[in-house]
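Asks: Residue-level listing of the chains:
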Amino acid sequence: MAGANGAPTNGSAAGGKEITFLEAIRQAMFEEMERDPTVLLMGEDVGVYGGAFKTSEGLLERFGWERVIDTPISESAIIGAACGMSYLGLRPICEMQFIDFIVCAFNQITNFVAKGHYLWNAPAPMVIRGPSGGGVHGGPFHSANPEMYFVHTPGLKVIYPSTPYDAKGLLKAAVRDNNPVLFFEHKFLYRRIKGDVPTEDYTIPIGRAVVRREGKHLTILSYAAMMHTSLEAADALAKEGIETEVIDLRTLLPLDEETIVNSVKKTNKCLVVHEDTKTGGIAGEIAALLCEKAFRDLDGPVLRMTSLDTPVPYAPTLEACFLPNAKKVFTAAKALARY
Amino acid sequence: MAGANGAPTNGSAAGGKEITFLEAIRQAMFEEMERDPTVLLMGEDVGVYGGAFKTSEGLLERFGWERVIDTPISESAIIGAACGMSYLGLRPICEMQFIDFIVCAFNQITNFVAKGHYLWNAPAPMVIRGPSGGGVHGGPFHSANPEMYFVHTPGLKVIYPSTPYDAKGLLKAAVRDNNPVLFFEHKFLYRRIKGDVPTEDYTIPIGRAVVRREGKHLTILSYAAMMHTSLEAADALAKEGIETEVIDLRTLLPLDEETIVNSVKKTNKCLVVHEDTKTGGIAGEIAALLCEKAFRDLDGPVLRMTSLDTPVPYAPTLEACFLPNAKKVFTAAKALARY
Amino acid sequence: MGTITKQMPRELTRQQHLDLYYYMRLNRAVEETMVKLFRQNKIVGGLYSSLGQEAISVGTCYALEKKDWIAPMIRNIGALLVKGVPPRDIFMQHMAKYDSPTKGRDGTSHFGDLDNLHIVSPISMLGDLIPVMTGVAIGGRYLGQKIVTMTWIGDGGSSTGVFHEGLNFAATQKAPFVLVLENNLWAYSTPVRRQVPLENLADRAKAYGIDSYIIDGNNVMAVYNTAREAVERARAGQGPILIEAKTFRRLGHAQHDPAEYVPKEMRARWEARDPIALYEKFLTGERLLDAAGKKEIDDKLDTLLAAEREFAENSPMPPPEFAEGGVYCTGDECHQIRAKWERAIAEVTPPRSSVKAVWTVPGFGSGKGSGGADAPIHFGDTSVVDKPANNGRPRKAGAKMTVKGAPKKAKPAAASTSRKGRR
Amino acid sequence: MGTITKQMPRELTRQQHLDLYYYMRLNRAVEETMVKLFRQNKIVGGLYSSLGQEAISVGTCYALEKKDWIAPMIRNIGALLVKGVPPRDIFMQHMAKYDSPTKGRDGTSHFGDLDNLHIVSPISMLGDLIPVMTGVAIGGRYLGQKIVTMTWIGDGGSSTGVFHEGLNFAATQKAPFVLVLENNLWAYSTPVRRQVPLENLADRAKAYGIDSYIIDGNNVMAVYNTAREAVERARAGQGPILIEAKTFRRLGHAQHDPAEYVPKEMRARWEARDPIALYEKFLTGERLLDAAGKKEIDDKLDTLLAAEREFAENSPMPPPEFAEGGVYCTGDECHQIRAKWERAIAEVTPPRSSVKAVWTVPGFGSGKGSGGADAPIHFGDTSVVDKPANNGRPRKAGAKMTVKGAPKKAKPAAASTSRKGRR
Ligand SMILES: Cc1ncc(C[n+]2csc(CCOP(=O)(O)OP(=O)(O)O)c2C)c(N)n1
Ligand SMILES: Cc1ncc(C[n+]2csc(CCOP(=O)(O)OP(=O)(O)O)c2C)c(N)n1
Ligand SMILES: [Mg+2]
Ligand SMILES: [Mg+2]
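These protein sequences, in sequence, are chains A, B, C and D. Under my numbering, the first residue of the first sequence carries the number 659, and numbering increases by one thereafter. Under my numbering, the first residue of the second sequence carries the number 659, and numbering increases by one thereafter. Under my numbering, the first residue of the third sequence carries the number 2, and numbering increases by one thereafter. Under my numbering, the first residue of the fourth sequence carries the number 2, and numbering increases by one thereafter.
So that you can see chain A by itself, here it is in the shape it has in the complex (with noise of 0.2 Å):
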């Protein structure tokens, strides 16, 4: 099966090797850097200690002192540096700790790098990126997932990857990206998820949605962790006659229209899966942009599994009532595909 970009969706390219979600983002920022010396890399603790969670480790010791910054805790201040070393043609990578922390930098991010190419003809290339998401009982502060705060502002590109494929090739897109783009990284996935990837080198192209599994009873729209609770949900729908197809979005902004229409055409019926809160949450977009698009070939609402409309709590009972899990999308897309 061949994904909108063409490539095998499952990555086992030729001489293709199986790594985690974790090291593909290492090899991505490695290869950006070894390939072009504009890429920097500027954070907390991700040079001498490689980063919070290892993403880092080894490019230190390869690019040296001055395209691996260990920053002061200071976010405001990593944007809005990123952003004027992208003013000379560099291309920053910008390490949120954990990505809860970018909301330190909301108004550098959304005020001043999200709008400089509309109103003064100025592209700011530079990529922020980070560990989110839940699961991992991080508790209330170190489990966001931030992206509908950025799928809202113009001007900023937002990716949210499922798979190593998709990451390194996502990540490296992103880096090649005249655009301020958002790679959100899921920290569930770092060491849980293996894939393999090609050793050669590779994009994927930002913007375009990837069907994961085929199916003619209903769609299902997800992205990130909840993409794997989703294919989950869909093999248990199998086994009672119901086809899902399963649509991994990759890109949240721009959504990815054409692939998206395309399969509620065939299918007819929506069910979007985010790991996010519910209240304007992405499922809000998407079930407007089928209105526009595809009203009259919807033969079910558009729904939505979500998370619960509260902070990420800490116990993990309580996170696991938060979370949407694969029973939960079971249960949602059988009751749709009956409607």
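Worth flagging that the hints you see were computed from the coordinates, not collected in a lab. In this text the structure is predicted, and so the values were computed from the model without any measurement. Every residue, glycine too, gets a C-beta built ideally from N, C-alpha and C. Treat the hints with care, since some could be wrong.
Incomplete in silico selection of chain B near chain C, CB under 10 Å [said to hold, decoys possible]:
no., residue
1, L680
2, G705
3, I737
4, Y745
5, N769
6, F770
7, V794
8, H795
9, K815
10, R849
11, E915
12, A990
13, A993
14, Y997
If you want the footprint, here are the derived chain A segments under chain C, 3+ residues with CB under 8 Å [unchecked claim]:
no., region
15, 674 to 683
16, 972 to 978
Could you slot chains B, C and D with the ligands onto chain A? The hints should help.
Replies: Coordinates of chains B, C and D with the ligands only, in the frame set by chain A:
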């Protein structure tokens, strides 16, 4: 015609007097500070100057330096300090000189203020208010409509009124609420819109929309400045025999699902009009809501008429193109009615 | 204004000495117990340590009165204990148990007690507590409570923007607020000189014209005496004070971190300066503590912690459905929010609250508040080049509106009326 | 480190004197023209003024070289003019004309020129430019460009968190960056002592261990000489420098503001210290300028501004549809993004870029980077109490996945290979 709270929505109560939207805000703060000594006002230039928009004119004279505090240019300090005060049972009102600057305190609001009640059983009775919106050529940094950043943040309440009567009644309700409330004041309305308000004390319940105009062919949902645009369009639609039901959401979080759903069950069609940018705007949330609650009642897609997905441009010609207007709403509504 | 490096040594009572010692021992014992729990996978998430920094949490918080307010950071378990938080609460917070102060919704030292112990919960974002505790300090003064507020920040956290905004605002307000900067020489893996180009972080205070102290954070008596002086001065209205306590983070950033980036010699030097060992030496030298007394404390701690730990371990995990709801305060039945007034309300309400809205600039006289409600406003009233799209002519339905009418200035009378109307 | 209040007076050439004088005159004339335009409702939005502060914008920017970078604030029209921005661009920005640098998408001094004049556009949010210009400074050093960057901030703006984060980061990096703090005693309606509890705002520098200067902002020679010294020191690698220029905002915050809150005596005192009048007096005294020379400049300005203004007025408003699109760079055809290298790339690429990942702490030796890719990570790998909901067993379709397999550490070889594969 009676509003959700039973009070006459045109605000012409016995002894009602006609005042501007701006004056309604001023009176609400004045009367709440008069009524309750725990109510304070903090912000940049709110004291001696009476605020950049004169919304706090006369408050310092009457309530003194301890209750009307001119702060340094430190939005995070204003919000953080207000939250600390609220922990002592005080009810601070924080003014953002322009609502655009609220993002400078984004972390304090979304991580500290919003999460306290759920996590630590620590309620924060405080109001964050300021002038928002475009149409007055304030340019890309003085025209923000930041509502969705906060509608997507559990723990906050979000109010965005369109009439002097609602502004006064809802601001008073916000001050008396035990939760952090964001109160957006569309600056285009400050002196352009006048209306009657009762002289006696009154509040309007948070979370209740109001039917501004009844109709049977379609429902227009809107709020703030676009409310007036929508009513203007409704007049024009009526001339073509299209009876539009126009609903003023007033509160965006929590949404008044009942009033919204009931109207759509009656008209079977819905157009959402907002000045906020399109992608990730509240229209999407409403589309998802209607899918969940009224899908079978929909005879047409839930559509949206919004601003463009760009920063707010400076030039009047560009801003006019950027913003929705009565003509655009008329056209979209007419097409939907004919759907 | 300036940096004060020494202050009058103050005579401590025997009881005070023993209290300081006991709390440091308790602090360490509580954390040692949690390391055991961590190794048994009973701790949820990460576990931080204040090993070697106990003198700071204990000595500073011990300088406060019961009515004063604190907001602890991750390495201030000692402050929580001095404030009166039972060890079981700390255990249960880390184990995410249902009987913990947050019932499992939040963890570690993320919990507060607004009503009794006057503790504000921290959040992970460094620095946020500084403006918050500034606000508590200003609010307490407004209510006449004569309280002092205190929080802690690290060398790394002193580079956050909110540290600057908070401390600057506290200084302009002369807020009764004490900020303790624990300079333990590392921020996660980053040495202090890579984050702050200063020899003494107390110099941060010079940006706000406030006083600061520099102390040996491993000498609990110095910490306590300094903190007590700072607290008294803050309470006396002299404004906020910054205390830099020099110390060292003996373990990694959290349990997962072996901290190999720390030179061995550096750790060795500081291990030789353990605050508890140093104090024990002093106390025995002064005959304030002997083998018997020490044994007594050892036993007391063992029994206490065994019981507290057992309670914590027996506490259930929260039921899943407890994740739902509770995001908003639903009103009086949920929280009775009442300010505790300790001054006459008449002082802050009209007519006594009324002032002239003028700035007086030394040497230059005064200037009055300008404009009035008819003054042109920033943008909103700058003449618009195009005609407003929605000129809001009278409506068939909906609120009555007219356009661009001269705004009306409400007389205070109106307000007073509606006020009487309510009373 | 410390505050330097005087510096070697430096001999200016006649041309330099006349340049400084001309640019101050031009600055004022441009703003006077805009006030006329404002009164005629030809300005969109608000209009700010630097009346009485011209010596600062002009004197500081004049100390820079052509290759250096600036980011102006609302009151730095003078800096734009010195940099070489034609008055028409400034007029058109304020009139939102289609021929303006931003084609009407943004206004006032909100425009930049990355390629030629090296100007970064400001935004309204105060302080944001400080980290940005720090980044330009670090980036320029990385590319070997030997540039210095400069931006300005107000007394009020120095209370923003980003001021602190930006200047602290610049200091840790020893960035070639000069920050000019224009202390005009007011932030909108708020007097400086209500925002910053300092006599000298230059003391803000003490929080970062960087040098600062205090100067009379109405004396253009002092401003220029100080700025030039600061720029040279920054360029020489001595790190960022803060210059506090004492001055006064003669008009209101913007045109709408009568500023009645400013004591009359205060305004009177500063009106008597007009920087242009003072300099004119000096120049005539020194025989560097006479009536004829002055007349010449008057005429030159009249002709120039008449022409520039006419051009601006004749420029059309942008077509409405220009509001659409343009939010993203669409690639090379849109922007050719190329770094200008002025050092050998080999210095920053392997093998020469390679270092040992160790911290060396003076007196204590070194510690090495810890863990490696197999090290436990913060949270993600702390043992999970419950089994992950999605244990990702092999899929019918979709990416092949296995769970919790030992992570593989890619050998740099792999990277090199794929690199060769590309070359
Ligand atoms: C705003 C923010 N950015 C990043 C982090 C991640 N983080 C947690 S602790 C820490 C290091 C803190 O160092 P320091 O302030 O010196 O305190 P210490 O750990 O030494 O006690 C970092 C970077 C955070 N908590 N908050
Ligand atoms: C972060 C932020 N908050 C608030 C404002 C609104 N504002 C614009 S200018 C100004 C006063 C600035 O005073 P100062 O920094 O001294 O500069 P000056 O106007 O005196 O040149 C304020 C409060 C802003 N632009 N940015
Ligand atoms: Mg530290
Ligand atoms: Mg100023």
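Asks: Does the structure break any of the earlier hints, and which numbers would those be?
Replies: When the structure is compared with the hints, numbers 11, 12, 13, 14 and 15 turn out to be violated.
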